[in-house]
Structure formats: structure tokens, C-alpha cells
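> From first to last, the protein sequence lines are chains A and B.
For the record, in the first sequence the residue sitting at position 237 is 237 according to my numbering, with numbers rising by one throughout.
For the record, in the second sequence the residue sitting at position 784 is 784 according to my numbering, with numbers rising by one throughout.
Treat the hints as calculated values from the structure; they're not laboratory data.
Even for Gly, the Cβ is constructed at its ideal location relative to N, Cα and C.
Label pairs and their in silico Cβ distance ranges: (1) A:T199 to B:S16: 28 to 36 Å; (2) B:L775 to A:N94: 42 to 50 Å; (3) B:L321 to A:L90: 42 to 50 Å; (4) A:N94 to B:I266: 34 to 42 Å; (5) B:L321 to A:G36: 52 to 60 Å.
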Amino acid sequence: MFRLSKCNPKNGNMPSVNPLIDMRQVMKVYKTSAGGYQALKGIDLTINRGEFVGIIGKSGSGKSTLINMITGIDRPTSGEVWVAGTPIHLLTENQMADWRGKDLGIVFQFFQLLPTLSVIENVMLPMDFCNAYPPRERKKRAIELLETVDMASHAFKLPSALSGGQQQRVAIARSLANDPPLVIADEPTGNLDSKTADTMFRLFERLAGEGKTVVMVTHDSSLAQRVSRTVIIKDGEVVKEQSEEANDFINTVPTAINSRTAHNHAVATA
Amino acid sequence: MAYPRWKKILADLWSSKARTILAALSIAVGIFAVGVVTTAYFLVRDAMVLDYENANPRTARIYTESFDESLVKDVAKVPGVTAAQGYFDAWLKGLGADGNLYPVDVTMIESLDALNVDRLVFEGGSRKLSKGEIYMERAGAEGMGLKVGSTIDLKGNDGEVRTLKIVGLVHDVNANPFRFNQKTAAYVTPETMSWLGETNLYNNIAIITDGLHTDINQVREIAERAAGTVKQHGKEVYSVNINNPGQHPAQSIINSVLALMGALAIMSVLLSIFLVINTISALMSQQIRQIGVMKALGAKVGQLICMYLALVEAFGLLALLIGLPLGALVAYGFAHWLLMMLNADMIPFYLPAQSVILQALVGLVVPLVGAVAPVISGARLTVREAISNIGMDSTGSQGWIDRMLASERIQSLRWPSRPLMLSLRNAFRRKSRLILTLITLTLGGAIFISVFSVRDSLYRELDQNYGYYQSDVNIEMNQNQKIDRMVVAVQDIPGVVSGEGWLSSRLNVMHADGVNSDLVLAFAPPSDTKLITPVMIEGRWLLPEDENGLVADNHFLSTRPDVKVNDTVVLRINKQDHLFTVVGIFRLAGNSTIGTVYLNRETLERLSGVGTEMTNSFKVVTTRHDAASQMEVLRRLQTRLDAKDIDAYLQTGSDIIASSRSTLNMLIYLLLFMAVLIAIVGGLGLMGTMGMNGIERTREIGVMRSIGAVNSKIYQLVVAEGMFIGLISWGLGWLVSFPIANLLDRQLGQMLLNVPLVYVFSAQGPIFWLVVVLLLSVLASLMPARNAVRLTIRDILAYE
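For reference, chain A alone in the conformation it holds in the complex (with noise of 0.2 Å):
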């Protein structure tokens, strides 16, 4: 079977004794109309290469605040993130566009391919920024990928012509197109139907299982519990890492899953 990573003699599937993230007194404040919002309340959390966390919580509570510490989308207001040993929340925009496409694989709810480009060219549009992999070798490279995600019969179709399932396997194979040793889901199977979420999920367990450390939020209780840590969030603080206490506040969420939807509808149409 094609190993989804270049294998890495350091990305086990334990984790190493040294952090690959490492998120020390994360504060982030958001200024409103109404005053300050203090979304993160001094966050402390590490974790391990090669570990698959997911990251749980209310819409609300700071989870994809969180998420956005560690691949850099946002800067905290206070406090340190720091992965694999490179302190992002001091990187220039610039530093952090290299960084994160060298080093880090992200995977949207929404999918986000770029619709003019076609399901190949997206895989290799990281390559092409980054300057990856010399330009000859980026097809066969991306052709590689989409086969690990069973999508390769698609690669020269346009991603308005994929179902969302489909798209989201791109989308899995694009974050891979660097071979980053950590990537991040931001409710990957958010949009998708609980059979095509388990596929989705078990692509993820397979990363994980390679080597990769992959970190990921979401609402979906049956899927929260096949993670290897849970890190529950409320109010902007992390409350709980155990899997057992997981799934006693997943098991409350179907409140929790039809807000977030509604917010995320809300940001779009915005």
C-alpha cells in the first residue's frame, strides 16, 4: 500500500518525548464594539508527534481560535505557540506563508479548492508556492496523492463537478502536498454525510497511524471517540483531556453541532 508520507524515521506512531506543539499562556483578546472578548484564557497544551487529538468544545467555547493559534491564521494576544520548535507566533506574514506550507497541511470544513483550477492543479498549487518538488516531478507527485484518496480518476476534473465527499479527499490530498508532518482539520466531515465522514476519518486515522500528527475539531461524537486525545475547550480555557469525560460532553453536542453550522453559514454568506 502507497504510504501517504515520505517515512520519517522520527515520526513514530508514539509519541516522541519532545512536543511538537507547544502552546504556552495563549491569550487572545478581540476587540468588539461592546469592548475586549477574551476568546483564549492563557491556554498551556502540548502535543506529541505523531498523536491524532481531537479538539472538542461549544460553538463558541474557542476551539477554532485555537486551531487558528497553531497554523498561524491568528496571532495570540499574549503567550508563546511554538511548533516544532519554530515559535510561529513571531514569524512575519511572509515566514509564516513558508512555514506553513512547508510544514503544515490544513483541511477546511468547506473544502476551499480554488474553482478554476482543476483537481490535479490544486493538488499541486502547494508545491508550486512552496517550490517543493522540482516542477516535473509535482504531477506524478499529485497524481500519487489523489490515488491514496481513491480521486485520481478525477484529477482533471473541475471541483464544481465533485460531490463534497470528493472534494474533501482532494482537499486531504492537497494538505498532503508537501508531505508536512502535521495536519490540521478544521471540521473536515462538518459538511459531509456520516458514511462519507467515516471514510473521511479513517484517511485521517491512516495519516495519523503513518506518522503525521493530526489535529482536528469536531462535533461528530461517534468520530470524537476514535481519536487518540481529546482536548475539550470551554469558554476559552482547556477544561479536559481525557477521552472518557470526551465523550460525556459529546454526547450532549447535537445542540452544540447545529449552531456551529449555523455560524459557519453566517461567516460564509457575510
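With chain A held as given, fit chain B onto it using these hints.
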């Protein structure tokens, strides 16, 4: 395929065809305008230079007593004179194919080949000119309906009518363009000139001077030396005329036209820049989410800037492909029309390199400059800002307008309705976009409205000309007549109310050196004339007691800018110099190369020695003043004068006005052409921005439909928003049109009349622009709304 980011640029171009076309057209408009103006400028300039240079034009002309070829040979030897040619011409009247008499300036020439100054260009027929034969100037022949092989009846100054055979057509660069004043030129041999009852000796000598022909002082110095030689031959020098040496006779008209065109080009480029900035910012705000995704995938700011600037350059290239050939085509047509009006030949078409470079700058550099700010700000957004779509044009900002529209008091009003209020709020929602749209539309509207105002200012000038041509029929006589005799001759003719006896003459205003002079048209009405309502620029009109007073027009000032009110000038009348005080400067519209002065008839009678109560220009007032009635009376007058054996040339007041209107009409057509072009530019801008606004709001339209808005309501909302923006821009455009119109009035007036045009408010401009803006607003809003309502809600909500 190795570089998907470049593929994305191409795919973006191709997948959003409407947007691509709009963006390319916005840029193409600027390229087109610059192309038309610059290409036409170079074509006209080169054609006029060629036309002028082909004639080997004179730089000075010396009027003297009759002389023969020996004087010409001696003048040609004067240091600094490179060529000399003797001339004699007489104004006769030629019968056109339409039965009307036209003034024909008949010039004596030995042959076409013998001319070495003010050469004629042979246009067809026989190169050999014999007795009883005539060459006609081509524009005059065409205007009078005459051809080579046909004959022309010429009425001589002795009253005899002689028939001459037209054996050839020539082009005379110095001849009055027939289209402007219905006068023409013709050429006969000395033998024929004698047969026509005129002398066969020369009375003026045209010379070409050495050195730079535009250096008037050098030309004057050499002309003075040549005049000295004339005096050495025992001949009295009447005057030395140096009229804009080195310049085409129609240069001032061309300058006015080109100045207007230049103004148009600058305004179009300015408009185009705003259109481009507008288009690119709209494009960037559509692309924000994709920019966020690309940044999340590792795209650096520099890469994104390069990508989007490349997209802008692609729009520019497309625009060049559209604008360049279209501009060249229209420029060729325009130059052709202008040259035809000026009786000059069109040169073979070519694309001037300067024009292409300028168009390339407008097409490739201006968009780049315009796009830099929106592209950089788009590319520098953080991923969070981009993905959550709150970046470039914040929707959350609450200005006083937003607060006012959202206030409880406004919300509790019965009118405007909720959907209309939503349209108003939407219009103000994206403020930077609104400002850009408004700047573009305001500028377009302001130029459009001001063009109409300038046109009306020109019309006003023309209307004021009636003040100098209040007689209904003018009778110009070859011999002075007693006023009493004329009154008796015309008073019982039906339709005639009264008559006034004037004197008119061509006089020389002498320079301080006593040799050089400027020719002026002098009119001497009776001191109690009722046929003039002058428009004074400075000083006052003549009073009966102004024995040696004169009033001069604005054209006189362009040849003698040193002259002010209360200054004295020297007029040479009947070979004697007389001092006159300038008591006023009056305003006369139209394009004239020589000035006009008025003095009291009694003074001119006395100084010219023609006797008392004499006239050579009799003005008749009729009961009715329309062109047809004037013509009817003219015919009766002609019959009566023929019966009384009074040789005269008759012209109606309407014809004189029409003739003075012709040059200004050309500028008015040009202004209207400008207005149409600006309307297209502004219209495209409006269509573009509204279209882009609409495309951006597709998702919002989907949401509204999902909560129950029917299609008609969606149309109503979007169209109301478009019309609202159009209306604001209309009001602002009207305000901005005042300074623009004033600026154009000043520039154009200075160039045409030597004084600024007076601002005139034109209601047509704002009304036409309101109609244009509202129509375009509706059209531009309907298109994207129509597209949006045709999509399913699911498609719209997934819309990128």
C-alpha cells in the same frame, strides 16, 4: 501544468468572461481615447505640414504699385530672400451650378510650373493654361458644382459677364476653405486677366525668407530689406504683411481642435484610471477567500502580488487588442473629416510610434499603477481576515450614514419601504467601493455636462454675432455710390423697411517702423447706426464725436497684443498715415486670421477722399428676418440694382451668420463627439461597477431568496440601489461640472477668440446625463440580478 498558479490566472480570465470583458473594456476605453486623439493629432499635423510645405509657402507679402518681372528678379537677390514671386489678384463673382453668385479670388499666373512661391498642386485636367481658360480651386469647384470641361460665367469689376472654360483643378493651401465661407480661388494667365478687364501687371510680391520661418523678427527684418529694394525701384510700398509665418493658414483652428482633443484624452485617461482601480478592487474583493486559501497553502505576499498584477496585465493586453485598432480606425476617420473640412489632403494611414507607446502605457502601465494599491492590500490580508471575508472592505464599519439609516426614527418611517431602505443601506455598505464608483461616475458626468455648457457658451458667442449683422441684406458695391441714390433705388421694393449706407475697406495698421503692417477689415457705419449691438470686452463703442476713434475686435488683439484701450494706432488710409485712438475692444466670435475695426463713416469719408454721403456697403432692413424672406428680398434687390446698372454683390444676413458659424460648428460637433465618448466611458464604468457589485452580492441574493424574496423583489432591491448610486453621482457630477466647464471655457476662448468664453448654464447636459445614468444604472443592475435569480439557491450559496 507545472505552475498551477499561472494556470489559475488564465483560468480566472476564461471562467469569468463577463468580468474579463468588463475589466478589459474599462481599460480599453482609455486606450481608445488616447489612441483617437494622439493618432489623429499626428495624422492631421503631418498632413497639414505636408500640405503646407508642398506649396513652398511665402513668409511675407509686400503690396506696392504695379510692377513687372524685373522688380521680382531684384527682390529675389535681396540677402535673406530665397524666392520671390509677383502676384496680382482680383475679386470677381462666379456663377455656380446652383444659380448663385460666389466671390472668386482670380489670381494671375504664367503657368503652374512658373510658380516658385505659394505653389499650386495640380489636381487634374490640362497642365496648359491658355487665354479664356481657368483653373479652379478644387474645394470651390466642388462647392459650386463645377467640373473640368465645364464653363464658369465670371462677372468682372466692369460689370461684364465672361465665360471661361475650366481646364483644370488645383489645390491652393492659402485659399479660403469653401466649406467655411463660400468663397473660392481661381487662376488665369495674364492675357486672360486683361481680357477680364483687369491689369496684367503685378501689385504684390510674395517672398520666402531664409532661416527659421517661425522667427517673426527675422522674417520682418528681411522683409524690410526687400521693401527697401521695392522703394529703390521708385515704387511706393503700401504695406508689408507678415501673418503667422511658417504656420498653416488654418493653424489656429487646428490648434483649437487639438487642444479640445487633448483635454478629452487627459480626461479619458483619468476616467480610465478610476475605472481600472474600481475594477481591480472589485476583482480583489471577489478573490479574497481564494487569497486566504492560497496563503494557507503557503503562498507568499510577493507571489500573490505577482499573480494578480499578471492578471491585470492580461486585462491590459486584451484591452490593447480591442482599443488600439479601434482607436486607429476612428482616428483615421476623424483626421480624414477634419482635413476635408480644412481642404487639406489625407496622408496614407500609419500608426505613429508615439501614439502606440502612449497607448501601451495607458494599457499596461496605468492599470498596473491603479492596481498596485488594491492588489497589495488584498495580498497582505491575513488568512483569518481573508477566509472570514472581513478584509478589504469591512462590512462592519458604522459611519454616520449607516447609523442614520439604521436609526429608530428612520426605521419607524412609513417611507422608504423596508426593501428600499435595504437598498439604501447596501449602497453605503462598501464605502471604499462606493467612493470609487462615485468618483468615476462623477467625473464622467461632470465632463458630459460641462461639454454641453461649453457648447452653449459657443452658441452664445454666435448669437452675439447677430449684434454685428443686424441688416437683412448686405449690398457690397464695386464703386462707391451716393447714399441717396441707393435709398431711392431700394425704398419702394416690397419687404424693404430701411437702409443704411456704410463704407468698408481693407486697411493697414502700421507698426512703429512705418514699413510693416497688419491688414484689418475696416467697417465705417454712420455714427448713429441702429444696426449694431456690440459686446464690449473693454472700453466703449464709438460715439458720433469720436472723429479719430476706433474700436477693435479680439482678433485684432491676437495680431497686436500690445494694443490697449486709449492707445493710439496708425492707420494707413489713401497712402497717408493717420493716428487713431482705440476707444474700446469688442468681442467677435468666429475664427479669423485678421482683425476687424470700426470707425465712424464720416471720418473714413474725409480721410479716404471718397466724398460725402458715399457708400460701398449698403445695409438693408426687411420687414421679416427669416432666411427665406431675406432671400426673397435679395432677389428683388438684385433685379432692381441690375436695372439701375449698379454692380453689386448681395448677401443675406443669415448667410453671413451661417458663414461665421461654420468654424465654431466644427468645434461644436467635436464637443458633441466628446460628450458621446464620455457617455460611453462613464456608462461602461457604471455598468462595470454595478455589474461587479452585483456579482459580489450573488450569495446575498441567494439568502434573500431563501427567506422568501420573490424575483421581482430582488430586481427591485438591486435596481433601486443602482439608481440611488447613479443619482448621487449625477448630483455630484453636476457640481463638479462648473469648474470643468469654466476651465474649458477659458482655454478654448483664449485659443479661439483671445478672450475666455462666458460660462453658460445648459439644462440639456444634466437632463441627458440623468437619463443616461438612470438607464445605465437599471441595465447594469439588472444583468447580475438576472443571473442571480436564475441560479438555484443551493448553487448561489455555494457560489465563489
